[in-house]
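Chain D is already provided as a structure; the job is to place chain C on it using the hints.
The listed protein sequences derive, respectively, from chains D and C.
Mapping of the first sequence onto my numbering: residues 3 to 214, in sequence order.
Mapping of the second sequence onto my numbering: residues 22 to 237, in sequence order.
Some hints here could point you the wrong way.
Cβ pair distances, simulated, as ranges [to be verified]:
(1) C:Ser-57 to D:Arg-7: 42 to 52 Å
(2) C:Val-31 to D:Glu-206: 54 to 64 Å
(3) C:Arg-30 to D:Val-144: 18 to 28 Å
(4) D:His-86 to C:Asp-110: 33 to 43 Å
(5) D:Gly-166 to C:Ser-29: 25 to 35 Å
(6) D:Thr-19 to C:Glu-235: 30 to 40 Å
(7) C:His-160 to D:Gln-36: 35 to 45 Å
(8) C:His-160 to D:Glu-66: 23 to 33 Å
(9) D:Arg-107 to C:Ser-29: 32 to 42 Å
(10) C:His-160 to D:Arg-107: 47 to 57 Å
No wet-lab data here; the hints were simulated from the structure.
Bear in mind the structure is a predicted one, so any value in this text is a computation, not a measurement.
Think of the CB as a built atom: it goes at the ideal place given N, C-alpha and C, for glycine as much as any other residue.
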Amino acid sequence: MATFRLQGSKVLAVDMTGDTVKAKNGSMVAYDGQMAFKKMTGGGEGLRGMVTRRLTGEQMTVMEVKGQGTCWFADRASEISLVHLRGETLYVESSNLLCTDAGLRTGTTFTGLRGASQGNGLFTTTVEGSGQAAIMSDGPAVVLRVTPQYPLSVDPGAYIAHQGDLRQDFQSGVTFRTFLGEGGGEAFQIRFEGDGLVYVQPSERNTVGGDV
Amino acid sequence: MPFREVNSRVVEAVIAPGQKMFSQRGAMLAYRGEVSFTPNVQGGQGGVMSMIGRRVANEATPLMTVEGNGTVMFGHGGHHIQVIQLSGDTLYVEADRLLAFDGTLTQGTMFMGSQGGVMGMVRGQVTGQGLFTTTLKGHGAVAVMAHGGVIELPVTPGRAVHVDPQAYVAHHGDVRNKLSTALGWRDMVGRGSGEAFQLELSGSGAVYVQASEEKL
Numbered sequence: 003m004a005t006f007r008l009q010g011s012k013v014l015a016v017d018m019t020g021d022t023v024k025a026k027n028g029s030m031v032a033y034d035g036q037m038a039f040k041k042m043t044g045g046g047e048g049l050r051g052m053v054t055r056r057l058t059g060e061q062m063t064v065m066e067v068k069g070q071g072t073c074w075f076a077d078r079a080s081e082i083s084l085v086h087l088r089g090e091t092l093y094v095e096s097s098n099l100l101c102t103d104a105g106l107r108t109g110t111t112f113t114g115l116r117g118a119s120q121g122n123g124l125f126t127t128t129v130e131g132s133g134q135a136a137i138m139s140d141g142p143a144v145v146l147r148v149t150p151q152y153p154l155s156v157d158p159g160a161y162i163a164h165q166g167d168l169r170q171d172f173q174s175g176v177t178f179r180t181f182l183g184e185g186g187g188e189a190f191q192i193r194f195e196g197d198g199l200v201y202v203q204p205s206e207r208n209t210v211g212g213d214v
Numbered sequence: 022m023p024f025r026e027v028n029s030r031v032v033e034a035v036i037a038p039g040q041k042m043f044s045q046r047g048a049m050l051a052y053r054g055e056v057s058f059t060p061n062v063q064g065g066q067g068g069v070m071s072m073i074g075r076r077v078a079n080e081a082t083p084l085m086t087v088e089g090n091g092t093v094m095f096g097h098g099g100h101h102i103q104v105i106q107l108s109g110d111t112l113y114v115e116a117d118r119l120l121a122f123d124g125t126l127t128q129g130t131m132f133m134g135s136q137g138g139v140m141g142m143v144r145g146q147v148t149g150q151g152l153f154t155t156t157l158k159g160h161g162a163v164a165v166m167a168h169g170g171v172i173e174l175p176v177t178p179g180r181a182v183h184v185d186p187q188a189y190v191a192h193h194g195d196v197r198n199k200l201s202t203a204l205g206w207r208d209m210v211g212r213g214s215g216e217a218f219q220l221e222l223s224g225s226g227a228v229y230v231q232a233s234e235e236k237l
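Just chain D, same shape as in the assembly (with noise of 0.2 Å):
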C-alpha cells in the first residue's frame, strides 16, 4: 500500500511501489523513479459518479497517479493533515481533499442546510474504506473529538471534515438582534453530537452566516 508522510506541514510525499493513489488534477510539485498521470473522467467511480457529481456540483477533477518511488503533492501552499480511516467514512469537502489511497471509495452526500450555510452546496464529498487520505486546510487543522458527553459546535466557515459516527445539526441564534445589526457574527453553527473527530481550520471562509 502506498505510505503517506508530511515532509513540513505543506507538501505530501508518498512512497509507492507499484500502486495507486487518486489525487486532486494538478497537484503533483515533483516525482521521482516512474509516475503515470491519467485524469479520471469525471472524478472516478465511473458513469453513475460522474452523474451524481454533476447533479450535486461536487465536482472534483481527480487523477490517477500510479509508480514506483516517491510523489510529492502540494496545493497553493495548504496545510495538509493526514487521516487515517478504518472502515470508517471521512466527510469533507470535495475542495479539502488533496489525496486518497486508491483503495478508498469516493462519494457524495447530501449535508441539508448546513451546506448552504457554509457556501459548499447541499452536498459534500464521502470517503470510505480502509486505509489514508490527504485533506487540506487553511492553515493548520485542530483535530477535536467529539463524545456523547461532549457535543462540539463549530463555525460553518472553519469546518473542513468531520469522521466516525456523528450526527448534525444546523445551529441558529438569530434573535431580533441580530435583524437590527447587532448581531455576535456568530449566528449560525453546526452541532456535532456521537463519537468522532472534527477537523477545523483556523480561518474562516466567507459565508451567508459570517455576515450576520
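Below, chain C alone, put in the same frame as chain D:
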C-alpha cells in the same frame, strides 16, 4: 556572511565594513547601524557585457548594493524564504526569486537552450520563465523566495527528479535539466491530468521545490 532566519519569512544579515551584499530593490525591512543602499546602475557585477547579457535575457531584476556596518532584515511580499549555502558550486535560480545574496558570489546568466536543445527553449515558453536563468557561483549564502514552504530534494545519479515547472524554485550542483512531456492525445483534447509538462533534473545535486503551484 550567513543569514540568520528570524522566522520563515524574514532573514537577517550582518554587514561588516569592506563586505557588500546584493538584494532585490525594496526588500529591506529594517536595519541597525550604518548601512547604505545604492541602486545597482550597472545591473550587478561582471561589467558591461554581463549587463547587456542580463538586459537581453530579461533577467534584469533591479538589485541594490548593501554596504556598511550593521545588520539588515530582508523580506518581500510575505513570501517564504529559503537560505541556500553555496560551497563552490553554482546555484540556478530565476532572478525574480532572488531576495539577497553574498557580494562575493559571481553572478551570471545562463541560456537554458544550451541544456536540452530545442526542448530547453520550449521549456522557457511553457514554464513562463523565459529562456535565461540567473546563476550564482562561489562560496556564500543566498536567500531565495518561494510561495509556501520549500522542500529540498536530492538529485543523485540514476534517480532523476521530475518537478512541476510552476513549483520549481532553484537547483544547484552538477545537474542537467530538460523538459519532459507526458503529452498524450488526452491532453490535446483537454482531458489531461494537469501534469503534462515536467522538468527532469538528472545528475548530482539538489532541487528546491515550493509547496504551491503559484508563481511569485
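Exercise for review: Report the numbers of all earlier hints that the structure fails to satisfy, in ascending order.
Suggested key: The structure conflicts with hints 2, 8, although it agrees with all the remaining ones.
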